[in-house]
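Participant: Sequence:
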Amino acid sequence: MSDNSIYNLHGIVPPLITPLTEQLTLDTDALSQLLTHVIEGGVHGIFVLGTTGEAPSLPERTRIALLEQVSQEVESRIPWLVGITDSCLANAVEWAKKAEQLGATAVVAAPPFYYPASQTSLYDFFHELSEESPLPLFLYNIPSHTRNFLDQDTVLSLLKLPNVVGYKDSTGDLMHFHRLQMAREDLEKSYWVGPEELLLETVLLGAQGGVNGGANLFPNLYVRLYDAARKRHFEKAKALHQQVMQISHHLYQNGKSVISGIKFGLAERGIGTGVVAPPLANLSEDEKQKMRIFLKEIEETITP
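Heads up: the sequence shown begins at -7 in the numbering used here, then just goes up one per residue.
None of these hints come from the bench; they were simulated from the model.
The beta-carbon is built from N, C-alpha and C at its ideal position, and this holds for glycine as well.
Possibly wrong hints are sitting among the right ones.
Using C-beta positions, here's what the derived DEER-type ranges look like [claimed, not checked]:
#1 F226 to E292: 18 to 26 Å
#2 L197 to S49: 31 to 39 Å
#3 F226 to Q93: 41 to 49 Å
#4 E65 to I294: 40 to 48 Å
#5 G262 to E292: 14 to 22 Å
#6 A175 to P270: 37 to 45 Å
#7 Q234 to S49: 30 to 38 Å
#8 G262 to N83: 29 to 37 Å
#9 S276 to C80: 17 to 25 Å
#10 S149 to D278: 32 to 40 Å
With these hints in hand, go ahead and build the complete structure from the sequences.
Facilitator: Here it is in structure tokens:
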């Protein structure tokens, strides 16, 4: 992968689930199937060991096995990003080094969690991480999970660092996006959105693309929505956006984690077991039956 490729990255970069066996080990066959599925779906890159990848719930051996397999199977076909979020700075740095050794394109880190941190402390944490990381670093703002929020001034200050190349916004706050968009116009850094419900609006307003969980299931749908938004084909984009909203409404509202819904949807397509790692819960039989109905309805409405 070219050193400059990360600066030109745009489009749909799905945060891959981590396929697990019933024994909670890496499902290597399912991972191969998933990689083929999303790459053939036209995605522009992949992001492993993020929130959707259940990284905080996985043992080190599973993470390493996943990285090694992705390295072997993806090679230089598309950029691949690695989540290195950790409350221990030294651990985050070590994961960045491991990712670099295996040929990853960049790393992604959310704020440290557990201890409340001031904006100054968060800036210092990411500043040192960016200095120590051998790979370009994306910031990842997901306060719903970390309980530490990167505010506008902190994000903008960090984006001025040479090794910080972009920002993934999973705040779900469109006003936060607007404020950053207006303030960062002179910064040649990329801006990505996590919640797929906001993919259309944010791409129209200048985001480089989406890191959207539903693209595990329907990669080409999300790619087509991104393309339509970027080309300002408004009617087509609106229709595709409505389909994405149906996925959000039906597939994700299952009473369990979004990840449980995505994994079950993939299992219904023959990819993996649908098993999630503790503390997340697998779907009950009743929930699975409801999901099958939802999936059938969704697949019937998705236009080719």
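Participant: Would you mind marking each hint as holding or not holding in the structure?
Facilitator: Hint by hint, here is what the structure shows:
no.	hint	verdict
1	F226 to E292: 18 to 26 Å	holds, 25 Å
2	L197 to S49: 31 to 39 Å	holds, 34 Å
3	F226 to Q93: 41 to 49 Å	holds, 45 Å
4	E65 to I294: 40 to 48 Å	violated, 27 Å
5	G262 to E292: 14 to 22 Å	holds, 19 Å
6	A175 to P270: 37 to 45 Å	holds, 41 Å
7	Q234 to S49: 30 to 38 Å	holds, 33 Å
8	G262 to N83: 29 to 37 Å	holds, 35 Å
9	S276 to C80: 17 to 25 Å	violated, 36 Å
10	S149 to D278: 32 to 40 Å	violated, 49 Å
When the structure is compared with the earlier hints, violations turn up for hints 4, 9 and 10 and for no others.
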